[in-house]
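Chains A, B, C, D, E, F, G and H, in that order, are what the protein sequence lines are. 5 is the number of the first residue of the first sequence in our numbering; add one for each residue after it. 5 is the number of the first residue of the second sequence in our numbering; add one for each residue after it. 5 is the number of the first residue of the third sequence in our numbering; add one for each residue after it. 5 is the number of the first residue of the fourth sequence in our numbering; add one for each residue after it. 5 is the number of the first residue of the fifth sequence in our numbering; add one for each residue after it. 5 is the number of the first residue of the sixth sequence in our numbering; add one for each residue after it. 5 is the number of the first residue of the seventh sequence in our numbering; add one for each residue after it. 5 is the number of the first residue of the eighth sequence in our numbering; add one for each residue after it.
Certain hints may be false.
[Claimed, not checked] In silico SDA-like cross-links for lysine to any residue, where the CA-CA straight-line distance does not exceed 20 Å:
| id | chain 1 | residue 1 | chain 2 | residue 2 |
| --- | --- | --- | --- | --- |
| 1 | D | Lys49 | C | Asn64 |
| 2 | A | Lys67 | B | Arg9 |
| 3 | F | Lys87 | F | Asp132 |
To be clear, the hints were calculated from the coordinates, so they are not data collected in a lab.
Listed below are the residues making up each chain.
There are 8 protein chains.
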Amino acid sequence: MAKFRLDETDHQILNMLIDNTRTPFTDIAKKLNISAGTVHVRVKKMEEAGIILGSSLTLNYEKLGYAFIAYVGIFLQNTSQTKFVLERINEIPFVTVAHVTTGKFNVFCKIRARDTQHAKEIIFKLDDIEGVYRTETMISLEESINDKKRLMHSIFENL
Amino acid sequence: MAKFRLDETDHQILNMLIDNTRTPFTDIAKKLNISAGTVHVRVKKMEEAGIILGSSLTLNYEKLGYAFIAYVGIFLQNTSQTKFVLERINEIPFVTVAHVTTGKFNVFCKIRARDTQHAKEIIFKLDDIEGVYRTETMISLEESINDKKRLMHSIFENL
Amino acid sequence: MAKFRLDETDHQILNMLIDNTRTPFTDIAKKLNISAGTVHVRVKKMEEAGIILGSSLTLNYEKLGYAFIAYVGIFLQNTSQTKFVLERINEIPFVTVAHVTTGKFNVFCKIRARDTQHAKEIIFKLDDIEGVYRTETMISLEESINDKKRLMHSIFENL
Amino acid sequence: MAKFRLDETDHQILNMLIDNTRTPFTDIAKKLNISAGTVHVRVKKMEEAGIILGSSLTLNYEKLGYAFIAYVGIFLQNTSQTKFVLERINEIPFVTVAHVTTGKFNVFCKIRARDTQHAKEIIFKLDDIEGVYRTETMISLEESINDKKRLMHSIFENL
Amino acid sequence: MAKFRLDETDHQILNMLIDNTRTPFTDIAKKLNISAGTVHVRVKKMEEAGIILGSSLTLNYEKLGYAFIAYVGIFLQNTSQTKFVLERINEIPFVTVAHVTTGKFNVFCKIRARDTQHAKEIIFKLDDIEGVYRTETMISLEESINDKKRLMHSIFENL
Amino acid sequence: MAKFRLDETDHQILNMLIDNTRTPFTDIAKKLNISAGTVHVRVKKMEEAGIILGSSLTLNYEKLGYAFIAYVGIFLQNTSQTKFVLERINEIPFVTVAHVTTGKFNVFCKIRARDTQHAKEIIFKLDDIEGVYRTETMISLEESINDKKRLMHSIFENL
Amino acid sequence: MAKFRLDETDHQILNMLIDNTRTPFTDIAKKLNISAGTVHVRVKKMEEAGIILGSSLTLNYEKLGYAFIAYVGIFLQNTSQTKFVLERINEIPFVTVAHVTTGKFNVFCKIRARDTQHAKEIIFKLDDIEGVYRTETMISLEESINDKKRLMHSIFENL
Amino acid sequence: MAKFRLDETDHQILNMLIDNTRTPFTDIAKKLNISAGTVHVRVKKMEEAGIILGSSLTLNYEKLGYAFIAYVGIFLQNTSQTKFVLERINEIPFVTVAHVTTGKFNVFCKIRARDTQHAKEIIFKLDDIEGVYRTETMISLEESINDKKRLMHSIFENL
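All chains should be modelled from the sequences, with the hints used to inform the complete structure.
Encoded structure:
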């Protein structure tokens, strides 16, 4: 399980793509004084090594009418049901994140909903999954930080 | 605060970009039987309306040596300090998400660290911010779901 | 789901009725320099639009021997039972308020009782509803504020 | 502290007014086979005895744009501040109910807000009252019961 | 349910008996300047009215080898079992006090044991009663106050 | 710290006095076939050894108007204040029991009050003791068992 | 259950063995000015009396790849299952300590694992034991003290 | 931070020493068919590599009068005090283990005491350390497992 080694050039390519995944490879090449082909090869290699898993848009959920965020802690009747319950959770698109956790909860989810009424429906769906014993919800009053770019840049500085 | 109206064509463009932000506009155009210029105009408009905020890579943090995820609940001495504390939190790149929340905690964060030792350092940094009264940590044993694409597709189906 | 638009005259009528529902329409009319018929039409319209749902007396429960107030949090075995349990709760007249809530409890109630003994009987009735898993009670030592009039006036100022 | 004695006629009058505070006294008189003057005297007496404190409208808060309900538990630094804090709370019209309670919280409030953002502002105002040490919020997903009429009728049956 | 009226003489008799139940009635009589017969009649009357329920020794449990005190909170599966469970608890002589309570627990007990091992046996007995769902124990490190005499004297001063 | 040794005769004497502290020594003597002098000597010896600390009446607090029982958990700012706080608690006669405890609370009290209003005053007095940081109250809905006699008899059987 | 009496010589022997169990008896003998045979006899006697139960190595678990420590609190469905559950726990070698406890948990364990993934497997094994109702985990960020030698030396000073 | 590599012979040596640290090297040598010198060299190397940190006796604390075990969770005022507080804790020999932890507590300790009274003194000492904000204690009713040997053997099987 040896880690894939990224060199300085890889870091610089990633740093540029993190800020804008659509940056043309020719722009990256020019900036780094390498050929566009090299950029292409490097990105390919990082995709094949499973470092780059894909890309996604950052949308403004408020403008799309999905301003309600909540965290839902789930208690299972028995942890042997964890895998089954996670598959059921995965069928609810409004759950964007789910973790198996230590501490109070067995599974901990993040949901995005249109409003209180919609959140209730999602929470009730979670509650009704077979093997779910009880849920506890914590509502977000404001998403103050949601930014993986600082982390990504920091990782490449620390590597 | 009227919502920006997206039409069917916008949805189809977004659906394709969500899956791969680097999809060439010419591919999108061909698929939707419209001109590449139209795609360009539509995307531009959605960017200007603040619907599309940007794009980001999905990286494999495990392979980059950042496999440790924890949620940290923060109690403040006084909520008048919320803004100040969030600015301090924002200086720690390993905090990827922070919410002002109801319930037990005043602020709720998600952190990514290299290992237990690194997590301890991050938690201690949070604890030492002026105005932070106490923190409580819940450790992720497994990130089972982390996928906003299902949500995004679902939003455009429901709009 | 467009909101019914109230104008300044509606607000003034409501502000007077909030303070005393029995204020004669002629008094309101005189004060606002409009005809009693107009007052009548306006109130009718607000009733038909479902803005005014009715009126109720404010009684002194202490003098009626009902001085004991408690909040009861209810844990359900399964949220699919919520509707059924709420119907059972609705049969107990001493429960004056019931909410489906986030956080620790599934349902959260307010009860009014004659004394500790009576409160115990009501709590036991709640506990014995099929589908109720456990209850937790918090007793009021003093009802310091119970006043919707400030809210109502404030709403009409803010509209 | 002897309780005011209500007789059967008082009960019947109250039962009618509870359902509709605007019921004309002549209607009540006809129904009970007594004179309108008697109704008037009885109501007057109950008002003077402090049994009837007033009347209020039942409005549809959802239609008025105030659909967000939360319960806020308040921890004080010291209970000697209770009176002072309650006076400050009383200045916030969106707090409709406040109790001094046993158990976890010192003071327990019910608030009505327009939405999550507005609720955050109200909670922060509570948090910033001098002497308030911390607050905990529980959000209502649905107000299933809010009905004092069943209680009132029940009281008069039991008296 | 009118309260029995005690007069000044009753109070003085009780005050003396509270401090020492074996005080001879002749001593009480002399002190209060009344006849021993009067003392006898008064005590009799208070016994018949159910004010005086009996008397008991105050023993030094430490010297008897019973120094371990714990409070045990009991959660029931269903409050309809309360009566049955209390009867089972009543069969365990080491439980000296049991209350039906509000808040976290359904029943709350005080136990006296010889030592940790003995306490464990008693707690396991409670846990094994049919209908008991779970127990939580809080151990006394020191019984600092156990004195009903101050209360009794205070009651007679306040009456 | 050797324990005082009680023999069979001591047990029998104690068993009779536990049930009724006023049982005349001549009655005890007759029943046990010993002289009244022996009973007297034995009781004296147990008093001197500190086994018998005194005697007290069992009164009916409900009939005396003191029907409200609550348990109050006290959090101290610092355990070095324990002794001082206990002395202040000891000045409140309505606190009948106080323990230094493990677990959640530093000190755990039992109080008896006339009613909710009186309980509030006592709790506020506890809250206002210097060094007391916070209190949590659990209210008794019914004192189902309060009986040290079973324990006492059981001790003498087990000795 | 009289305690075995250790004299000064026993203490000195134990003090030396505690620091290094492999100290040759001849070294101990020389230091204490007694014969090696005496040391041998004394150690034998302490082993036979069950004071010395054995000896064990202190290994560096980090270097062996077992750096992850967690405490796991276990809730049982019923304490009658305690013995059975402890036998099942005893089959998991990564549980190094297990206590029957008061308070929140029925059984409280310490586990050592290779990493988060391994910890999850162990916790799931505990969760899946028949009779285990739920578990709660607290993760160690740093083992700051793990030293029984100070205690042992202190015991022999205090004896 | 490469791990020291142990081979099969090292494992076998460790396995024998784990069971009895005083096993003569000649016995180990005979059993493994190697020279005593080899055993000596291997053990030396494992000590120098920091794998073997030392050895200790397993004593019967009950027989030594130290039967009382408790876990104490410590809340700090600020985690910047962690190092200072741990140094103070380290001066109390009755604390045998201390961890910096996630979750509810900042530091989590295990203590061994003679009895309840002694435990109280130790807990009060912890409470009085500067920077300690509050403690919570959980008492062991029975130490059911305390065995690192199973873990050690298991580690060498898994390596």
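Hint-by-hint comparison with the structure:
no. : hint               : verdict
1   : D:Lys49 / C:Asn64  : 14 Å, holds
2   : A:Lys67 / B:Arg9   : 10 Å, holds
3   : F:Lys87 / F:Asp132 : 16 Å, holds
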